[in-house]
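Those sequence lines, one after another, are chains F and D. One point on numbering: in this note's numbering, the residue at position 31 of the first sequence is 31, and numbering is uninterrupted. One point on numbering: in this note's numbering, the residue at position 9 of the second sequence is 9, and numbering is uninterrupted.
Hints listed in this document are in silico derivations from the structure and should not be mistaken for laboratory results. Remember, predicted model here, so these are calculated numbers, not experimental data. A couple of the hints might just be wrong.
Unchecked claim - In silico DSS-like pairs for lysine-lysine, Cα to Cα no more than 30 Å straight-line:
| # | chain 1 | residue 1 | chain 2 | residue 2 |
| --- | --- | --- | --- | --- |
| 1 | D | 123 | D | 275 |
| 2 | F | 13 | D | 278 |
| 3 | D | 263 | F | 73 |
| 4 | F | 13 | D | 263 |
| 5 | D | 123 | D | 263 |
| 6 | D | 283 | D | 477 |
| 7 | D | 283 | F | 73 |
| 8 | D | 48 | D | 165 |
| 9 | F | 68 | D | 419 |
| 10 | D | 123 | D | 500 |
| 11 | D | 211 | F | 68 |
| 12 | D | 278 | F | 68 |
| 13 | F | 13 | D | 283 |
Said to hold, decoys possible - So the derived label-pair ranges between C-beta atoms look like this:
| # | chain 1 | residue 1 | chain 2 | residue 2 | range |
| --- | --- | --- | --- | --- | --- |
| 14 | F | 39 | D | 646 | 44 to 50 Å |
| 15 | F | 24 | D | 285 | 29 to 35 Å |
| 16 | D | 193 | F | 39 | 38 to 44 Å |
As the list claims (entries may be wrong) - Incomplete in silico selection of chain D near chain F, CB under 10 Å:
| # | residue |
| --- | --- |
| 17 | 258 |
| 18 | 279 |
| 19 | 329 |
| 20 | 330 |
| 21 | 384 |
Even for Gly, the Cβ is constructed at its ideal location relative to N, Cα and C.
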Amino acid sequence: MSENLTNLRPGEKGRVYAIDAGKYATKRLYEIGFNTSAHVTVIKNDAGPVIVSINGNKVALGRGLAGKVVLAKDL
Amino acid sequence: MKTKRIALVGNPNSGKTTLFNAITGSNQHVGNWPGVTVEKKEGTFTYKGKEYDVVDLPGIYSLGAFSEDEVVAMDYILTDDADVIIDVIDASNIERNLYLTTQLLEMGKNVVIALNMVDEAEKRQIAFDLEAMSSALGVPVVATVASRNNGTDAIIQEAVKAIDKKVSYTNPLTYSENVNHHMQHMVELFAGKNMPYSPEWAAIKVVEGDKHIISVIEASIDDEAVVNGIKEFHKFHSSENFELEIVDSRYAFAHRIAEKTVKRPEVEVVTLSDKIDKILINKYLGIPIFALIMLAVFQLTFAIGQDLLGGYAAALVEWLGSLLENFLVWVHSPDWLVSFMIDGVVNGVGAVVEFVPLITVMYLLLSLLEDSGYMARAAYVWDNLMRAFGMQGKAFISMIIGFGCTVPAIMSTRTMDNKKDRMVTLLITPFMSCGAKLPIYSVFIAAFFSSHGGLVLFGLYAFGILIGLLMAKLFNKTLFKGESSYFIMELPPYRFPAAKSVLRTMWLHVGDFIKRAGTIIFLVITIMWLLAVLPGSAAPYSQQSYLGRLGTLLVPIFRPAGFGTWQESVALFAGIPAKEAVVGTLGMLYAGEYMEEGVLLVNAIQQHFTSLTALAYMVMVLLYTPCAATLSAVAKETKSAKWTVAMALYTFFIGWIMAVLVFQIGSLFGFA
Numbered sequence: 001m002s003e004n005l006t007n008l009r010p011g012e013k014g015r016v017y018a019i020d021a022g023k024y025a026t027k028r029l030y031e032i033g034f035n036t037s038a039h040v041t042v043i044k045n046d047a048g049p050v051i052v053s054i055n056g057n058k059v060a061l062g063r064g065l066a067g068k069v070v071l072a073k074d075l
Numbered sequence: 001m002k003t004k005r006i007a008l009v010g011n012p013n014s015g016k017t018t019l020f021n022a023i024t025g026s027n028q029h030v031g032n033w034p035g036v037t038v039e040k041k042e043g044t045f046t047y048k049g050k051e052y053d054v055v056d057l058p059g060i061y062s063l064g065a066f067s068e069d070e071v072v073a074m075d076y077i078l079t080d081d082a083d084v085i086i087d088v089i090d091a092s093n094i095e096r097n098l099y100l101t102t103q104l105l106e107m108g109k110n111v112v113i114a115l116n117m118v119d120e121a122e123k124r125q126i127a128f129d130l131e132a133m134s135s136a137l138g139v140p141v142v143a144t145v146a147s148r149n150n151g152t153d154a155i156i157q158e159a160v161k162a163i164d165k166k167v168s169y170t171n172p173l174t175y176s177e178n179v180n181h182h183m184q185h186m187v188e189l190f191a192g193k194n195m196p197y198s199p200e201w202a203a204i205k206v207v208e209g210d211k212h213i214i215s216v217i218e219a220s221i222d223d224e225a226v227v228n229g230i231k232e233f234h235k236f237h238s239s240e241n242f243e244l245e246i247v248d249s250r251y252a253f254a255h256r257i258a259e260k261t262v263k264r265p266e267v268e269v270v271t272l273s274d275k276i277d278k279i280l281i282n283k284y285l286g287i288p289i290f291a292l293i294m295l296a297v298f299q300l301t302f303a304i305g306q307d308l309l310g311g312y313a314a315a316l317v318e319w320l321g322s323l324l325e326n327f328l329v330w331v332h333s334p335d336w337l338v339s340f341m342i343d344g345v346v347n348g349v350g351a352v353v354e355f356v357p358l359i360t361v362m363y364l365l366l367s368l369l370e371d372s373g374y375m376a377r378a379a380y381v382w383d384n385l386m387r388a389f390g391m392q393g394k395a396f397i398s399m400i401i402g403f404g405c406t407v408p409a410i411m412s413t414r415t416m417d418n419k420k421d422r423m424v425t426l427l428i429t430p431f432m433s434c435g436a437k438l439p440i441y442s443v444f445i446a447a448f449f450s451s452h453g454g455l456v457l458f459g460l461y462a463f464g465i466l467i468g469l470l471m472a473k474l475f476n477k478t479l480f481k482g483e484s485s486y487f488i489m490e491l492p493p494y495r496f497p498a499a500k501s502v503l504r505t506m507w508l509h510v511g512d513f514i515k516r517a518g519t520i521i522f523l524v525i526t527i528m529w530l531l532a533v534l535p536g537s538a539a540p541y542s543q544q545s546y547l548g549r550l551g552t553l554l555v556p557i558f559r560p561a562g563f564g565t566w567q568e569s570v571a572l573f574a575g576i577p578a579k580e581a582v583v584g585t586l587g588m589l590y591a592g593e594y595m596e597e598g599v600l601l602v603n604a605i606q607q608h609f610t611s612l613t614a615l616a617y618m619v620m621v622l623l624y625t626p627c628a629a630t631l632s633a634v635a636k637e638t639k640s641a642k643w644t645v646a647m648a649l650y651t652f653f654i655g656w657i658m659a660v661l662v663f664q665i666g667s668l669f670g671f672a
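Pulled out of the complex, with its shape left as it was, chain D reads as follows (with noise of 0.2 Å):
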C-alpha cells in the first residue's frame, strides 16, 4: 500500500518547515522572513508503527501563484497529492491566513488546521475558542508552538484521524447572488465533461478569472462548446469585477469565523517591535544601522573566530601534521606520500580548515540575523536606494543571504514574481562576498591588515555591494528594460532567536563548509598536487611543474593586477570549482617551495604580496567567477547554457578591471 502523505500548507512565514521539523526531525532551513523556503522538501515519521510522508511546501497567500516558488505549491496543491493538508496558520493574523484555508475549503480538501504560534499572539492579548473555530469551519483545529514542539503530538494525531476518515467536505462558502447564478450556468456548461477539477471549483474558478485554471481546463476538455461557453462569458461581462466579488465572500466568511471564534484587545497592544521599529527603520537611520550591524558581524567574526580562536585551530593542524608526519617517516613511507600528505593535504586542506572556529562565528551571527526578523527591515529600509539602481527592496534579502553562500542566494530569487527583477538579481548576487571566500581575506588580512581585519572585510563586502548595484544598473539600462516590479513585504514581529533553529542554521553551514573541505577541496588539491610534483623530470613545486608551465601561461593577464607569479595565478584558477582552494593551493605550493620547517602561509605571503597587490588580489577574489556549486545553481535557475557561460564571463572581467584599477591608482598614489 502507498504510504499516505501530509502536506503542509499556508502562509509565507508561517512556521511551516518548524512544524515540518518538529514532526519529521529534519534540518531544513527556517528564518523569520517571508520566502524561506522556496523549494518543495520531504520528510517522513512513524506514528503507531505506521510510516507517514511529509512534504514542506513554499508559503502562499492564495491559490493565485504568481513566483516560481508558489507555483511549486499550487502546482503541488492543485495535482492533489496529498491524503490530508495541515494548513498552518500563524494565530495573530487569523483573517489573512484564513484567506488560504476558505481555498482550500472551496476545492473540498481535506485539511486539519494547525494554530500556529499561539503563544506570540497571546501576548499580543489575542484569545481563541478553538471548538468554535473547529466547529465554524467545519474541520479540525489544533492549536501549536511548533518552535517548541508544543501540539506536534496533538496535530499528527489530527491528521491521521483525517486520512482514515476520508471525509469530503462540502464549500461552506456563500457567494453573491450574482456570482452563484454565473456559476451555476458553469456547472451546468461542465456537468458530464472529463476534467481535472471537480465541475463546482471550476466553476469558481472560470468566474474568478483564474487564467491558469481556465487554461488547464480548456486544454483537458476537447469541447468547443465549453471553451466558447468560457470566451463568450468572460467577454460578456468584461465589465464586471467578479474576482472582487469572490475575494470579498472569502474574506466576509474569514471575517465572520475570526469575530465568533477569535477576541483581541480593546486597543492594540504596543509590542516591543513596534517600538524597535521605531529606530531600527527610521528614515535616515536605516541604512546607517544597517551597516553598523554587519560591521558589528565582522568585527565579532574577526574578534572571535579569528584573534581568540583561530589560533587553537591553526596549532591543532599543525600538531596533527607534525604527528602525521613522524608517523610517515617513522613508517618508511616513500617520498611522494610524505609529500602529498604533508604538503597537499596538511598544508592545503588543513589550510582551509583552520579556518572553521572563523566561519563558524560568522554563520551564527548571520543566523542570528536571519531569525531575528531582521532580514525584512533590511528589504524595508534598502527599497528606496535599490529604486534608484532599478532593483527593488526584496533583491536585498537574496543579497544578504549571498553573504552566506551565493548558492541558496540564487534559488531565493524565485520568489520573485517579476522575471527582470529575478534575472538582474541573480546576476549580481556572486558579487556579494560568500563564506567560502572568508578564508581568503583572512590569510591576506592577517598578513597585511591585521589591524584592522573588521573594516577590511566590511570593506569588501561594502564594496561587493556596490559593484552588484552599479551592474544592476548596467543591467537595467541595456538588457532588462522595463520597470521594477512593486515593493509588497510583510514585516514579522522581532522573534529572540531560538538556540535550537540558530545553532540547526549555522550548523547547515558549517557542516557543509567541512564537508567541503573533505571532497571538493580535497580532489581539487590532490590535482593540484600532482600537476604540481609532475613531470618527474622537472623539481616539484618548480615552474617546469605542469602547474607551474600553466599558471606561466596565465601570467600575462594578472601582471596589470600585480599579482604576477604562477602561484597567485594558478591559485585563482583552482578556485574557480571552489572559493577555498585559493588558500589551499597557495598553502600547499608555499610550504613546498620553501622546503623548510615553520613557515607560514601568513609569512610567505608576506614575502610574495606587498599590501597593495594583497588588496587588488582580494578585490580579484571578491568579484572573479563564482564556484562550480554557484555556477550549476545559475544554470538549473536560468535554464540557459548561455547565461551561464555569460555569468562565468562577465563577473572574471568585472574582478579583474577592478583588480587592476586598486592596483594601479594605487600605484600612481604611491602606495606599495
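Same shape as in the complex, but just chain F (with noise of 0.2 Å):
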C-alpha cells in the first residue's frame, strides 16, 4: 500500500517508492537517504515539519515536500 509521508502515523514504517517533488528538493531527498527502498520511520507527525528516522538518524521535511515522498507502507 503505497502512502505519502503526511499520511503515516509515528512508529509506522515504509519504503520509499516514489518522489513526487521538483528536481532540486528530489536531488536533495536522494543525497540526505531518500533512495529507492530506503527504510523510513515516522517519528514524529503533527503540525511542524514532519520528523523521519533513516537508519536512526533524525530529518525533518517541511510538510509540503512530505507530501511529496511516497512510500510503500509496511504492515
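Once you've looked at the hints, go ahead and assemble the two chains, each given alone in its own frame, into the complex.
Now the structure itself:
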C-alpha cells in the first residue's frame, strides 16, 4: 500500500517508493538518504515538519515536501 | 617543492572542523548543527619534519551543489587541488555518508577515511569491522573521535602515506546495464578530447544529467559533435530517469559495504536525545520552551555578568583610571593629554571594556546552545511560524547566530539554496540584537530598569525578532515574491557540550570584543574626542565644539523620539562604525561635561533621560543602521552597493519610526 509521508503516524514504517517533487528538491532528498527503498520510520507527524528516522538518524522535512514522498507502507 | 595539501571533505556536521582544529591546532568555530562552516579554512601542521597544508571545507551531501557554501566545497574537489582527501564520515550514519564517498571514488580521488564519532555510534551499539571496510572500499579507514583527539595521529599518518603512494583507484561501483551502455557510448564520444575530467567520470555525470558538469564539459570542448551528442542523448532519453538509477547504484554500493562491515542492534537503542526531543520539540511546548531558554540566557547573563561580576570590572577600570590620572598629573602632562587619556580612553574605551564579563557570560551561554544540538531544533519548531511570514525554519538559525554577532549571521545565509530565502534572511538579520549592543542596553537598564534587567533584555530581543518577521513578510509581499524553499534539516543527536569547544567559541567572540575595544572603538573615540575638544576657541565638550555642532544638526531628527540632545544624537552617529562606541561616546561626553569626580555614566544617563526616552533610545539602538563590519559583510555577500546602501537606510528608518512610536505612544499614556 503506498501512501505519502504525511499520512503515516508516528511509529509507522515504510520504504521509499517514489518522490514526486521538483528536480532540486528530489536531488536533495536523494542525497540525504531518501533513495529508492530506503527504510523510513516516522518519528513525529503533527503540526510542524515531519520527522523521520533513516537508519536511526533524524531528518525533518517540511510538510509540503513530505507530501511528495511516496512510501510503500510496511504492514 | 610545493607543500602537499590535505582536504577535509564530508557531510555537514560530521566533525570536519573539529578534526581540522585537532590536526592543525587552529581555533575554528564548531557547533552541533549542519552548516556551521560556510567557507574554506586553511591551516598547516608538521609531520616528521615536513609541513603540510590542510583545507577545511563546508559540508556537502553529494557532488551536486545547490547553495553557495556547497559550491565552495564542490569546486575545490573538482579542481583537484588536494593531494589527498580525508573523507570524514559520521560513524552513526554510515550509508548516507558513504554516498558521498562513492562519488569521490567514482572520480578516482586519493581518499582516506576518518570514521568519526565512533564513541557515539558505540553508545547506540553500532560496531564496525574497520579492516573489512577498508578492503571493501579499497581505501584506508581510521576510527577517530576528533573532539577528544583520538585517532588524529593515525589519520595524519594514513593521509601522509597516501600522498606518498599516489595510487590511482578504479571506480568500484557497478551500474545498471542500461546506464553502463550509455556511459560506454559517452566515453567513446569523449575519446581523445581535451577535457578537465576523465572521460569515464564525465560520462557518469553526463548520463546522470548534472547540468553544472555538462556546462563545464561543453565549455571546454570546442567540438560540435560532442555538444550535439550530449544534447541528442538527453533529448532522446528525456523520459528515463538515469539519475535515479545512478543514485540507487551508489546507495546499493554503500548499503553492501555497511552490511558487510557494520553491526547494528536488532532493536534501535532509544537514546537520551529521543527522550529530550519528546519535550523540546513538542507541538505546543516547542516555542514556549524556546522563549524560556532565551529568557534564561538573558537572566543569567545579567545575574552573573552584571550583578555578580560587573562591579569588579567597573571598579578595576575606575582604579586603573585613577592610577593613570595620578601618574599623568605627577609627570606634569599637558592638559590635553590628561583630557584625552581620562575622558577619552578611560571613560570612553573603558566604558566598553567594563562589559567584558557581561558579554563573556552571554557568549558562553550561546555557545553552550550551539554545541548542544538545540539549534536545529529551534529551526524545526519555528518552521511553521516562519512560513506564515514567508520564510522557512532554516532562516531561524541565522537569526540566532545574529544574537551573538550579525557578521557570521549574514555569512550563514550562504547555506540557503533559494536566492529569495537568502536575501530576505540577510535583510532582516540586523534586527537580531547582537553582543556589541549589550553594553548599551546594560547601562540604560542599570539606570532605569535595574530590577528587571533580564526581562527588558528579553523583551528587546523578542521585539527585534518580531520586527524582523514583519519586515520579512513585507519583503515577501513586495520585492521577493514566490515560494519559500522546502525545509530539510537533519536533527543531530544532542551532545553534552565539550568544555574545550564551548570555551573556544566563547573566546573567539570575547577576544574579538576586546580587540575591537583596542582598535576600532579606540579610533572612533579618538576622533570623537578630537571633535569634542576642537576648535580651541570653544569650551571642550560644549555645544560649540565641532562635535556639538554636528550633534545639534542631528537633534531635530531625533526630537520626535524624545532624545533631543546633541550628545545622544552624536553617540548614535558614533555607533555606526561600531555599536560599542555609543556607550563609549556617551561615557566620554558626560564625563567631560560634568567635569567632576565620580559621576558615573549611569548617573549621567539618569539625568539626561527618562525611563520612556531610555526605552525609545534602546529601541533605536536595537533596530537602526548596523555597524560597518555588518555593512561590509552585506556588500560582500550581495555583491551589490545598492543593497548595502538600502540596508543602511531602511534599518535607520525602521529604527527611527519605532523609537518615535515608543516615545509618542508612551507619552500619550502618560509615561515619562
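Check: Holds or violated: residue 48(D) with residue 165(D), Cα cutoff 30 Å?
Finding: Holds, at about 17 Å.
Check: Close enough to count: is the Cβ of residue 330(D) nearer than 10 Å to one in chain F?
Finding: violated, 66 Å
Note to self: Given the hinted pair residue 13(F) and residue 263(D), is their Cα-Cα distance within 30 Å?
What the structure shows: holds, 21 Å
Notebook entry, point to check: Against chain F, with CB atoms and a cut of 10 Å, does the hint on residue 384(D) hold up?
Noted result: Holds, because the Cβ-Cβ distance from residue 384(D) to chain F comes to roughly 5 Å (cut-off 10 Å).
Check: Does residue 283(D) lie within 30 Å of residue 13(F) when you go C-alpha to C-alpha?
Finding: holds, 21 Å
Note to self: Next pair to validate is residue 68(F) with residue 419(D); report whether the Cα-Cα distance is within 30 Å.
What the structure shows: It holds: about 22 Å lies between the C-alpha atoms, which stays within 30 Å.
Check: Are the Cα positions of residue 263(D) and residue 73(F) separated by 30 Å at most?
Finding: holds, 25 Å
Next item on the list: Given the hint of 44 to 50 Å, check if residue 39(F) and residue 646(D) actually sit that far apart at their C-beta atoms.
Entry: holds, 49 Å
Notebook entry, point to check: When you check the alpha-carbon spacing of residue 211(D) and residue 68(F), does it fall within 30 Å?
Noted result: Distance ~23 Å between residue 211(D) and residue 68(F) Cα, so the pair holds.
Margin query: A closest beta-carbon separation below 10 Å is what the hint needs, so does residue 329(D) meet it against chain F?
Written below: violated, 65 Å
Item checked: 30 Å limit on alpha-carbon distance, applied to hinted pair residue 123(D) and residue 263(D) -> At roughly 13 Å apart (the allowed maximum being 30 Å), residue 263(D) and residue 123(D) satisfy the hint.
Next item on the list: With a cut-off of 30 Å on the C-alpha distance, tell me whether residue 278(D) and residue 68(F) pass.
Entry: With Cα atoms ~26 Å apart, residue 278(D) and residue 68(F) stay inside 30 Å; holds.
Checked against the numbered hints given earlier, this structure breaks hints 18, 19, 20; the rest are met.
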